[in-house]
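*Asks:* Given the structure of chain W, go ahead and fit chain L onto it with the hints provided.
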Amino acid sequence: RKEVEQDPGPFNVPEGATVAFNCTYSNSASQSFFWYRQDCRKEPKLLMSVYSSGNEDGRFTAQLNRASQYISLLIRDSKLSDSATYLCVVNRGYNKLIFGAGTRLAVHP
Amino acid sequence: ETGVTQTPRHLVMGMTNKKSLKCEQHLGHNAMYWYKQSAKKPLELMFVYSLEERVENNSVPSRFSPECPNSSHLFLHLHTLQPEDSALYLCASSVGLAGDSNTGELFFGEGSRLTVL
Numbered sequence: 001r002k003e004v005e006q007d008p009g010p011f012n013v014p015e016g017a018t019v020a021f022n023c024t025y026s027n028s029a030s031q032s033f034f035w036y037r038q039d040c041r042k043e044p045k046l047l048m049s050v051y052s053s054g055n056e057d058g059r060f061t062a063q064l065n066r067a068s069q070y071i072s073l074l075i076r077d078s079k080l081s082d083s084a085t086y087l088c089v090v091n092r093g094y095n096k097l098i099f100g101a102g103t104r105l106a107v108h109p
Numbered sequence: 110e111t112g113v114t115q116t117p118r119h120l121v122m123g124m125t126n127k128k129s130l131k132c133e134q135h136l137g138h139n140a141m142y143w144y145k146q147s148a149k150k151p152l153e154l155m156f157v158y159s160l161e162e163r164v165e166n167n168s169v170p171s172r173f174s175p176e177c178p179n180s181s182h183l184f185l186h187l188h189t190l191q192p193e194d195s196a197l198y199l200c201a202s203s204v205g206l207a208g209d210s211n212t213g214e215l216f217f218g219e220g221s222r223l224t225v226l
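Protein chains in written order, with the numbering used here: chain W, 1 to 109; chain L, 110 to 226.
By construction, these hints were calculated from the structure, which means they are not laboratory data.
There's no promise every hint is true.
When the alpha-carbon atoms are kept at most 20 Å apart in a straight line, the in silico PhoX-like pairs for lysine-lysine are as follows [what the hints assert, rightly or not]:
#1 150(L) with 96(W)
#2 150(L) with 45(W)
#3 150(L) with 42(W)
#4 150(L) with 2(W)
#5 42(W) with 79(W)
#6 42(W) with 149(L)
#7 45(W) with 149(L)
Among chain W residues calculated to face chain L with C-beta under 10 Å, some are [claimed, not checked]:
#8 27
#9 41
#10 74
#11 95
#12 97
#13 99
Sample of chain W residues with no beta-carbon within 10 Å of chain L, all distances over it, derived [to be verified]:
#14 1
#15 13
#16 20
#17 22
#18 24
#19 32
#20 33
#21 34
#22 46
#23 59
#24 66
#25 94
The structure presented is a predicted model; accordingly, all values stated were derived computationally and were not measured.
Heads up, the beta-carbon is just placed ideally off N, CA and C, and yes, glycines get one too.
Just chain W, same shape as in the assembly (with noise of 0.2 Å):
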């Protein structure tokens, strides 16, 4: 079994459209918790952190239930722009960093 696991989609929406990514984790001792964001033949980028309390940035909405070990994310009115490859990653501690195989998103006009 991975250590992170996502839908791999792709999920095909229209823009303004609202979609939610869940992520499960197997190790109980990961320590904080991430979504990365992975454009076409581009590196990583840090999209956000996920607090157990749910974190908002713009419409990004991020929430953690340590007790079932799920993680999720939520992308209201989406954009063309949004259209990548969502990575959920789990941290070990000292930044070791276990990665999803991602959850890849197309925003259509």
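*Replies:* Here is chain L on its own, set in the frame of chain W:
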């Protein structure tokens, strides 16, 4: 423009060749990483260096040999590779590893795409 630069961007090599990938970070960070990204697979952590000292070797075959001469430079020496080693090799850096530096934020280079024939 990325603060982490990798060269070469593309490399084709035969199984008997010896080549090296180079990474340089201009961010003043103390930790550097090598990750491997194969198609439709998660990024795989290969090596972690902190202040030029290797702190993680994630069961990587010995045909991959890292070198960190200083905190700004990281190399991956390649020797007798197999076709299944063809992948995108990503270098990353972070402020550090522990305490306030354990932020989960890695800064990646654009990668070196390796093809082994």
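*Asks:* Now tell me if each hint is right for this structure.
*Replies:* Hint check results:
1. Of the pairs offered as hints, the one joining residue 150(L) and residue 96(W) holds, with about 18 Å between alpha carbons and a cut-off of 20 Å not exceeded.
2. A distance of roughly 17 Å separates the Cα atoms of residue 150(L) and residue 45(W); the hinted pair therefore holds under the 20 Å criterion.
3. Between the alpha carbons of residue 150(L) and residue 42(W) the distance comes to roughly 16 Å, so the proposed pair stays at or under 20 Å and holds.
4. With a C-alpha separation of about 10 Å, the suggested pairing of residue 150(L) with residue 2(W) holds against the 20 Å cut-off.
5. Distance restraint check for residue 42(W) and residue 79(W): the Cα-Cα separation of roughly 19 Å lies within the 20 Å cut-off, and the hinted pair is therefore satisfied.
6. Between residue 42(W) and residue 149(L) the CA atoms are separated by roughly 15 Å; this keeps the pair inside 20 Å, and the hint holds.
7. Distance check on the hinted pair: residue 45(W) and residue 149(L) sit about 18 Å apart at the alpha-carbon level, within 20 Å; holds.
8. Annotation: interface hint on residue 27(W) violated; nearest CB of chain L at approximately 14 Å, more than 10 Å.
9. Hint on residue 41(W) holds. Least Cβ distance to chain L is approximately 9 Å, under the 10 Å limit.
10. The restraint placing residue 74(W) at the interface with chain L is violated, with a minimum CB-CB distance near 20 Å, outside the 10 Å limit.
11. Annotation: residue 95(W) was flagged as interfacial toward chain L, and the flag holds, the nearest CB pair being 5 Å apart, inside 10 Å.
12. Using the Cβ-Cβ criterion of 10 Å, the hint placing residue 97(W) at the interface with chain L is satisfied: the shortest such distance is roughly 6 Å.
13. Here the hint on residue 99(W) is kept, as its CB sits about 4 Å from the closest CB of chain L, short of 10 Å.
14. For residue 1(W), the shortest C-beta to C-beta distance to chain L comes to about 13 Å, beyond the 10 Å cut-off, and the non-interface label holds.
15. Residue 13(W), annotated as away from the interface, keeps every beta carbon of chain L farther than 10 Å; the closest lies near 21 Å.
16. The beta carbon of residue 20(W) is kept farther than 10 Å from every beta carbon of chain L, the shortest such distance being approximately 20 Å.
17. Listed as a non-interface residue, residue 22(W) keeps its Cβ farther than 10 Å from every Cβ of chain L; the least gap is roughly 16 Å.
18. No beta-carbon of chain L comes within 10 Å of the beta-carbon of residue 24(W); the shortest separation is about 13 Å.
19. Distance check on residue 32(W): its Cβ comes as close as 5 Å (rounded) to a Cβ of chain L, failing to clear the 10 Å threshold; non-interface status is violated.
20. For residue 33(W), the requirement that its beta carbon stay farther than 10 Å from each beta carbon of chain L is not met, with the minimum near 8 Å.
21. Not every Cβ of chain L is farther than 10 Å from the Cβ of residue 34(W); the closest lies at roughly 5 Å, contradicting the non-interface assignment.
22. Residue 46(W), annotated as away from the interface, has a beta carbon of chain L within 10 Å; the closest lies near 5 Å.
23. In this structure residue 59(W) is separated from chain L by more than 10 Å, as the shortest Cβ-Cβ distance comes to about 21 Å.
24. No Cβ of chain L comes within 10 Å of the Cβ of residue 66(W); the nearest lies about 16 Å off, and the non-interface call holds.
25. Against the 10 Å criterion, residue 94(W) falls within the reach of chain L, whose nearest CB is about 4 Å from its own CB.
Hint compliance for this structure: hints 8, 10, 19, 20, 21, 22 and 25 are not met, and every other hint is.
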